[in-house]
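Novice: Given next are the chains, with one letter for each unit.
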Amino acid sequence: MKLITAIIQPHQLPAVKKSLYDAQVYKITVSNALGYGEEEGYQQTFRGVEREVNLLKKVRLEIAVNDDFVEATVAAIRDGARTNNVGDGKIFITDLQECIRIRTGERGDLAIG
Amino acid sequence: MKLITAIIQPHQLPAVKKSLYDAQVYKITVSNALGYGEEEGYQQTFRGVEREVNLLKKVRLEIAVNDDFVEATVAAIRDGARTNNVGDGKIFITDLQECIRIRTGERGDLAIG
Amino acid sequence: MKLITAIIQPHQLPAVKKSLYDAQVYKITVSNALGYGEEEGYQQTFRGVEREVNLLKKVRLEIAVNDDFVEATVAAIRDGARTNNVGDGKIFITDLQECIRIRTGERGDLAIG
Amino acid sequence: MRKKALLSTLVVFMAFTGPLQAADTSDLWVALDTLWVLIAAFMVFFMQAGFGMVEAGLIRSKNAGNILMKNMMDFCMASLGFFICGYALMFGGEGPFLGSQGWLLMNVESPVGIPLHAFWMFQAAFCGAAATIVAGGMAERMRFVAYLMYSFVISAVVYPIVGHWIWGGGWLAGLGFYDFAGSTVVHAVGGFTALVGTILLKPRTGNFNSDGSPNSIGGHNMPLVSLGVFILWFGWFGFNGGSALGMGDPELVARIVINTNLAAGAGAIAAMFTAWAKFGKPDLALSFNGALAGLVAITAPCAVVTPGSAIYIGMLGGILCVYGVHWLDRFGVDDPIGAVPVHAFNGVWGTLAVGLFGQSVLGSPQNGVFYGGGLSQLGIQALGAVIVAFFVMGSMWLVFKTIDALVGLRVSEVEELRGLDIGEHGMESYSGFQIFSTE
Amino acid sequence: MRKKALLSTLVVFMAFTGPLQAADTSDLWVALDTLWVLIAAFMVFFMQAGFGMVEAGLIRSKNAGNILMKNMMDFCMASLGFFICGYALMFGGEGPFLGSQGWLLMNVESPVGIPLHAFWMFQAAFCGAAATIVAGGMAERMRFVAYLMYSFVISAVVYPIVGHWIWGGGWLAGLGFYDFAGSTVVHAVGGFTALVGTILLKPRTGNFNSDGSPNSIGGHNMPLVSLGVFILWFGWFGFNGGSALGMGDPELVARIVINTNLAAGAGAIAAMFTAWAKFGKPDLALSFNGALAGLVAITAPCAVVTPGSAIYIGMLGGILCVYGVHWLDRFGVDDPIGAVPVHAFNGVWGTLAVGLFGQSVLGSPQNGVFYGGGLSQLGIQALGAVIVAFFVMGSMWLVFKTIDALVGLRVSEVEELRGLDIGEHGMESYSGFQIFSTE
Amino acid sequence: MRKKALLSTLVVFMAFTGPLQAADTSDLWVALDTLWVLIAAFMVFFMQAGFGMVEAGLIRSKNAGNILMKNMMDFCMASLGFFICGYALMFGGEGPFLGSQGWLLMNVESPVGIPLHAFWMFQAAFCGAAATIVAGGMAERMRFVAYLMYSFVISAVVYPIVGHWIWGGGWLAGLGFYDFAGSTVVHAVGGFTALVGTILLKPRTGNFNSDGSPNSIGGHNMPLVSLGVFILWFGWFGFNGGSALGMGDPELVARIVINTNLAAGAGAIAAMFTAWAKFGKPDLALSFNGALAGLVAITAPCAVVTPGSAIYIGMLGGILCVYGVHWLDRFGVDDPIGAVPVHAFNGVWGTLAVGLFGQSVLGSPQNGVFYGGGLSQLGIQALGAVIVAFFVMGSMWLVFKTIDALVGLRVSEVEELRGLDIGEHGMESYSGFQIFSTE
Ligand SMILES: Nc1ncnc2c1ncn2[C@@H]1O[C@H](COP(=O)(O)OP(=O)(O)O)[C@@H](O)[C@H]1O
Ligand SMILES: Nc1ncnc2c1ncn2[C@@H]1O[C@H](COP(=O)(O)OP(=O)(O)O)[C@@H](O)[C@H]1O
Ligand SMILES: Nc1ncnc2c1ncn2[C@@H]1O[C@H](COP(=O)(O)OP(=O)(O)O)[C@@H](O)[C@H]1O
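Residue numbers (this note's numbering), protein chains in the order written: chain A, 7 to 119; chain B, 7 to 119; chain C, 7 to 119; chain D, 308 to 746; chain E, 308 to 746; chain F, 308 to 746.
Calculated directly from the structure, the hints in this document are not laboratory data. Glycine included, every Cβ here is placed at the ideal spot set by N, Cα and C. Don't take each hint at face value.
[What the hints assert, rightly or not] Which residues of chain F face chain E? A partial, calculated answer using Cβ under 8 Å:
#1 Asn-514
#2 Ser-517
#3 Met-529
#4 Phe-541
#5 Ile-565
#6 Ala-575
#7 Lys-588
#8 Val-676
#9 Gly-681
#10 Ile-687
#11 Met-700
#12 Trp-704
#13 Leu-705
#14 Val-706
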């Protein structure tokens with residue numbers, strides 16, 4: 007099993023949800039984050055004092071999937087999230103050693119879905 | 007060492023904190039998230055326009071533990087979080103290669119607690 | 007590649023950003039969290055009812071780096087985050103199996119930076 | 308303007324004549340008194356916003372929209388209810404228990420020197436205040452439809468009945484019971500309704516630990532609370548001052564205003580120091596409630612006491628409020644915003660204060676205890692307060708029980724956990740804001 | 308005080324003389340009328356805050372600062388614009404289409420019995436209201452600089468012209484068109500401008516799905532909306548009541564006030580139940596809009612109908628508002644806060660209501676349909692409303708097109724996604740608060 | 308009503324008699340003047356909410372509750388302090404430096420044609436305003452207990468002394484110094500106190516970088532700021548208009564009102580364009596401050612200048628405000644909400660404006676420079692402003708130093724990092740809302 011973590015543009019979330027749905031990935035966890043990368047920020051002025059804002063709003067997805075689902079999921083995320091502009095984000099894949107469904111106690115592949 | 011990530015129902019957090027405490031797991035990091043899973047969402051209407059809300063509020067726990075603590079921690083989380091309703095959440099376990107305490111620079115098992 | 011997750015004091019974030027920058031780590035994802043550890047909380051009273059608040063505000067950093075950058079990054083985080091007080095936080099290192107840049111589809115080391 | 312012009316010409320013409328002259332100045336008095344009462348009515352109406360902000364700010368964000376909706380709709384219900392039958396029951400004749408003319412404001416004369424519609428507006432705003440006090444006490448768990456029903460009944464029937472007894476020439480008025488601006492009529496009625504309501508509803512899930520010790524469920528937006536208190540304080544100048552029903556006696560109105568202000572200030576300060584001493588910190592919610600407590604306490608006696616007495620009355624009100632909040636927690640009564648200590652307890656305290664600090668030279672029926680008047684006025688005040696409290700709790704108990712049987716008073720636990728905004732209205736008050744709810 | 312003292316002595320002296328005596332009481336009338344009109348003006352000014360809160364609360368947080376800035380600056384623009392030429396165009400002479408004296412308020416007399424500056428203040432506040440209604444309809448995508456230009460033009464030229472026709476002795480007044488406090492003059496003007504504006508701007512990105520079905524973009528702060536509605540309701544008492552331009556007829560002012568209040572309450576209740584029936588839940592935004600709809604609807608007829616009629620007028624206003632919101636969604640018109648249903652549709656409805664419920668005994672030019680007056684007044688009202696609607700939409704279409712050509716009406720899509728607060732003002736409205744924006 | 312009825316009969320009776328007749332209309336004048344002053348007092352009181360919203364909105368959420376508490380309690384302190392001795396020092400006799408009768412408002416007559424208690428209420432609200440201005444300048448780091456002490460001292464002693472010099476018949480009044488509604492008495496006093504306070508407190512941790520360049524710490528809630536500005540603007544109509552202390556001269560009151568409004572609008576527009584030109588974007592905080600700056604500037608001259616002049620005065624006020632904010636940043640003075648530029652700098656500017664734009668025909672002691680009056684009035688105004696500024700800064704420096712010695716002025720750094728809400732009050736202003744604090 008793998009744990010896929012993706013950082014995307016907030017306004018792409020609906021599109022990503024849709025493409026994941028089409029790829030039969032129905033379960034995700036979403037949280038928000040601030041991202042710092044190549045994408046350039048913007049000038050903020052408050053009462054005449056300027057500040058370079060480079061922590062930009064991002065959305066963070068976590069998806070636990072079975073190994074055979076990894077590529078499909080990655081593809082789906084890219085489909086939904088890509089605008090071909092700097093700032094589109096990243097996908098990180100780590101090894102998921104165990105997954106437990108709290109309700110039933112099921113483990114492993116069973117618990118993923 | 008393992009990094010345990012759990013997604014639970016927000017209103018179960020107090021119970022989980024308590025059961026973790028009883029299991030002598032004293033250090034956790036909590037963040038909030040929105041979850042998308044089997045649990046069905048609810049209808050939202052704003053000015054007469056309906057919207058299916060299926061991103062439900064969840065709480066996300068991260069707990070770094072030594073290997074011999076893993077099962078106890080998982081059990082504690084389940085005890086506190088289980089309501090036997092769809093939506094209770096998941097526990098993910100990944101391998102934690104290193105843990106460093108910023109204050110002291112201690113590493114590994116020492117740094118966990 | 008490694009995924010470095012650090013929990014730090016919110017008010018140290020600017021310092022950490024700076025030291026990471028000096029260490030040529032330019033890309034990070036930041037989110038906020040509540041932490042529960044050794045650091046003692048404070049009394050909260052609302053309408054005369056007391057409550058022990060021990061979930062303290064923390065900032066959570068995620069940084070994906072190539073293996074040869076790990077130590078430098080850890081050091082940079084410690085430099086920026088350390089105040090030598092309980093509550094400074096932790097750094098967790100997990101193995102990052104794959105990293106994909108959504109925009110280009112680049113993978114691995116290329117996608118990290 | 309037509310009318311206006313006409314008047315001026317009238318003036319010039321009348322200048323040569325005595326009696327008409329007089330008519331002319333009495334027209335001016337009517338116009339002036341009407342202006343003041345109307346402005347006061349607007350200010351009392353605006354208090355509705357104050358109640359809404361205080362109540363919404365002191366509860367959790369997931370229920371904020373629901374209480375704001377209740378607060379808005381209860382005034383709408385009160386407007387209609389008090390128009391249809393409330394006014395008639397309250398001011399429609401001198402019967403000891405009920406009025407009986409003026410349904411829909413038809414075939415009835417204004418009982419005072421200002422137009423009927425102006426008098427109605429002022430009274431209707433009072434009625435709305437009594438109704439909305441309850442929303443806060445029963446917050447975070449009462450069904451919206453049940454609240455709608457309740458709010459119509461209280462403003463169309465229960466409040467007007469009590470009002471008739473005291474202001475409509477009813478039996479309490481006959482006894483010499485004195486409540487200048489409504490410590491009993493408005494605040495005790497609202498406060499005791501909130502008390503019986505919150506008891507019937509049971510506490511919010513998680514508000515008390517298994518051992519019965521209270522949990523503090525923090526208010527989600529203190530700036531709203533502070534704003535609300537200022538709006539209420541502002542409106543109270545109209546609430547008390549307007550109850551003079553005119554500017555015929557500027558000294559009186561001015562005295563009412565200074566007393567209102569000093570009691571509020573003293574209440575806040577006293578509550579702050581009491582909380583500070585008791586709990587170690589100057590608590591915002593309690594200090595703000597203290598200001599409201601002082602205002603409620605001075606409402607009955609504002610016209611008949613000296614500024615000095617107003618300070619004492621307000622101070623005691625503030626202290627009483629802090630202890631009141633504490634007592635309710637102790638007894639396991641869950642009143643999320645302190646409606647009971649502020650409106651019920653201080654409504655009674657203010658009513659009694661007339662019997663302690665009142666002075667006949669200032670217009671009190673008799674001198675109070677501290678002015679050599681003995682216990683008689685105090686006794687009448689106590690009697691009135693107690694009877695009203697019991698009447699309200701009894702009748703509202705019945706009303707709530709009936710509503711409970713009909714539609715159910717309380718939302719389901721799931722709905723409560725998720726929040727009434729979603730459950731009752733299918734929306735979030737801060738859609739887009741991320742809210743961290745660990746309760 | 309000097310002046311004041313002088314007056315009193317004057318009084319004593321005059322006591323022995325007839326005519327002067329009269330002068331004295333007419334001085335009192337002027338002072339009293341001025342006081343009322345000024346206070347009403349303050350209340351109408353305060354409505355600006357109400358508009359701001361409602362508009363900001365019903366949109367997304369990322370654009371809140373921008374609309375609050377627009378709302379603040381349009382009043383400032385209106386103050387200057389209405390001072391420089393607006394007043395002259397509106398009240399500077401009896402010409403059928405335009406006034407032409409009183410630029411910068413110089414060389415012009417007050418047309419009414421109160422000082423010119425007091426009359427101006429009251430009218431300027433009205434002008435500001437007409438201007439700010441539009442901000443909401445065009446919210447979340449209109450450039451700030453374009454909005455500044457628009458707001459100057461409407462308050463310096465377009466609004467005054469319509470105002471002149473109806474209140475400045477222009478041709479519609481000549482026809483016997485009756486709009487007591489501005490359902491047409493203020494609200495229809497603002498509402499139809501919002502309509503043409505939002506059509507020209509096109510919907511917000513993502514507000515409609517590819518299939519044309521609407522997406523709900525939730526308001527980010529309902530407490531602000533509720534507060535705003537209360538502020539508007541409060542201000543409306545001055546808006547309508549102050550339009551009597553004095554206290555010369557207390558009965559009249561009192562009737563206006565009760566009608567205003569009952570229409571608002573009935574509007575909210577009707578809207579709530581309509582939404583409840585249509586969509587299954589009592590919707591906050593629609594119920595609150597319903598109160599405003601009732602207020603807009605009663606604005607024209609408030610002086611010449613009975614409280615009973617006011618309730619009908621308000622109820623229909625509330626229902627119309629809910630359907631109006633629905634229709635616009637259906638037709639793909641994106642009016643984020645409901646400016647069009649509330650101000651345009653109900654502005655027209657209120658204007659027509661004069662022809663239905665108006666009574667000549669209460670001051671209406673002719674009896675309405677339901678009082679045996681036949682269709683003639685209704686016809687005049689319809690004519691006026693239609694012509695004003697077309698004039699406004701035509702002229703504003705031109706204005707917006709010109710502005711679009713000059714500076715561009717709409718922000719870039721990137722800026723829209725990121726929010727106008729950042730794009731236009733380089734700041735965030737809730738800097739420090741974390742906001743979860745999934746749109 | 309009793310009293311009222313009595314009056315009417317009186318009227319009828321007097322109708323046949325000359326002199327009494329006069330008495331009767333003078334009763335009306337007293338009633339009318341009292342009504343206006345009281346309503347104005349309520350509006351000035353309500354400004355307290357405006358200050359609270361502006362201050363809370365412009366700082367970080369972690370300190371919002373603390374400043375709202377300060378803002379609430381300083382008015383309570385002012386109410387008591389001004390009752391106990393403030394009023395006596397200010398209005399208790401004609402001595403050049405101090406008044407000395409009327410402690411607790413006892414044994415003192417009203418100096419004006421309205422009841423003492425009404426006059427007190429109006430003055431007390433002013434006193435509260437002066438006190439609360441300071442909260443913002445010293446925000447986010449001042450200890451609560453220290454603030455309580457300060458607020459009592461300023462309202463019980465320092466403000467009344469200055470007030471006596473100018474309004475109580477003191478030496479500055481004797482010189483012909485003219486400050487109609489308090490640019491100096493209220494705003495300069497508050498503003499300069501804020502200046503010395505913020506200097507003594509030192510900047511907030513992190514507000515300036517090591518190189519001395521300022522860091523912008525964004526306001527956490529701009530809707531509150533916008534609301535606050537509207538409330539202040541609304542209240543200012545009472546602040547300035549009520550200072551006529553009656554309706555004896557409707558022209559005067561009307562002129563004050565239009566001037567107040569135009570100066571505010573011009574101030575906001577000027578500030579907006581200045582900021583736009585200087586910093587590239589139309590900044591909300593600065594534009595809103597600009598409106599307040601215009602209001603402060605017009606406060607002294609509002610009665611004695613033309614609307615045209617009011618626009619100039621307001622514009623310059625707005626520009627001065629933007630530069631003032633910038634200068635303070637440059638000099639490393641940390642004034643979180645701009646209390647100094649708005650109230651101190653513009654308080655002085657408004658005071659001088661009397662000497663430039665004032666006209667004796669409108670009531671100014673002498674014509675200003677632009678009306679051929681030469682420099683003499685300007686000189687007197689400058690003298691007064693300077694002396695008041697130094698007196699205030701000197702005495703408050705002493706006061707703050709003493710308080711610092713007694714209890715400490717500033718919170719610990721840990722407390723500052725965590726926020727004063729938690730440190731001073733053990734609560735959060737938005738408990739449940741998640742807040743991202745990277746400072
Ligand atoms: N190495 C990294 N570690 C953690 N987060 C990263 C990393 N690289 C990118 N991100 C996240 O992805 C977001 C987009 O990256 P950015 O470099 O701006 O654009 P792109 O991915 O298109 O090159 C960043 O804002 C950051 O949140
Ligand atoms: N495969 C997954 N990847 C990421 N998050 C998941 C996954 N499965 C479940 N979750 C999280 O757990 C929450 C509960 O899951 P759900 O399917 O609704 O109930 P249950 O776990 O009882 O079957 C979801 O809202 C989501 O946040
Ligand atoms: N084992 C752990 N698992 C998850 N989070 C941890 C763990 N240990 C510490 N943390 C996070 O680090 C923060 C600081 O830890 P704490 O024990 O308070 O201070 P220190 O790290 O200096 O001993 C905690 O608030 C918590 O958020």
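Novice: Now, for every hint given, state plainly whether the structure supports it.
Specialist: Structure-based check of all given hints:
For F/Asn-514, the shortest C-beta to C-beta distance to chain E is roughly 14 Å, which exceeds 8 Å, and the interface hint is violated. A distance limit of 8 Å between C-beta atoms decides the matter here; for F/Ser-517 the minimum to chain E is near 23 Å, and the interface restraint is violated. Because the closest C-beta pair between F/Met-529 and chain E is about 4 Å apart, less than 8 Å, the hint holds. At a threshold of 8 Å, the smallest CB-CB gap from F/Phe-541 to chain E is about 5 Å, leaving the interface hint in force.
At a threshold of 8 Å, the smallest CB-CB gap from F/Ile-565 to chain E is about 4 Å, leaving the interface hint in force. Annotation: F/Ala-575 was flagged as interfacial toward chain E, and the flag holds, the nearest CB pair being 5 Å apart, inside 8 Å. Below 8 Å, beta-carbon pairs count as interface contacts, and F/Lys-588 has one with chain E at about 4 Å; its hint therefore holds. Taken as an interface hint, F/Val-676 does not check out: its beta carbon lies about 22 Å from the nearest beta carbon of chain E, beyond 8 Å.
A least Cβ separation of about 24 Å between F/Gly-681 and chain E goes past the 8 Å threshold, and the interface hint is therefore violated. With a least beta-carbon distance of about 19 Å to chain E, the hint placing F/Ile-687 at the interface is violated under the 8 Å criterion. Annotation: interface hint on F/Met-700 violated; nearest CB of chain E at approximately 31 Å, more than 8 Å. Annotation: interface hint on F/Trp-704 violated; nearest CB of chain E at approximately 33 Å, more than 8 Å.
With 8 Å as the threshold, the beta carbon of F/Leu-705 stays out of range of chain E, its nearest partner Cβ sitting at about 35 Å, so the hint is violated. For F/Val-706, the shortest C-beta to C-beta distance to chain E is roughly 32 Å, which exceeds 8 Å, and the interface hint is violated.
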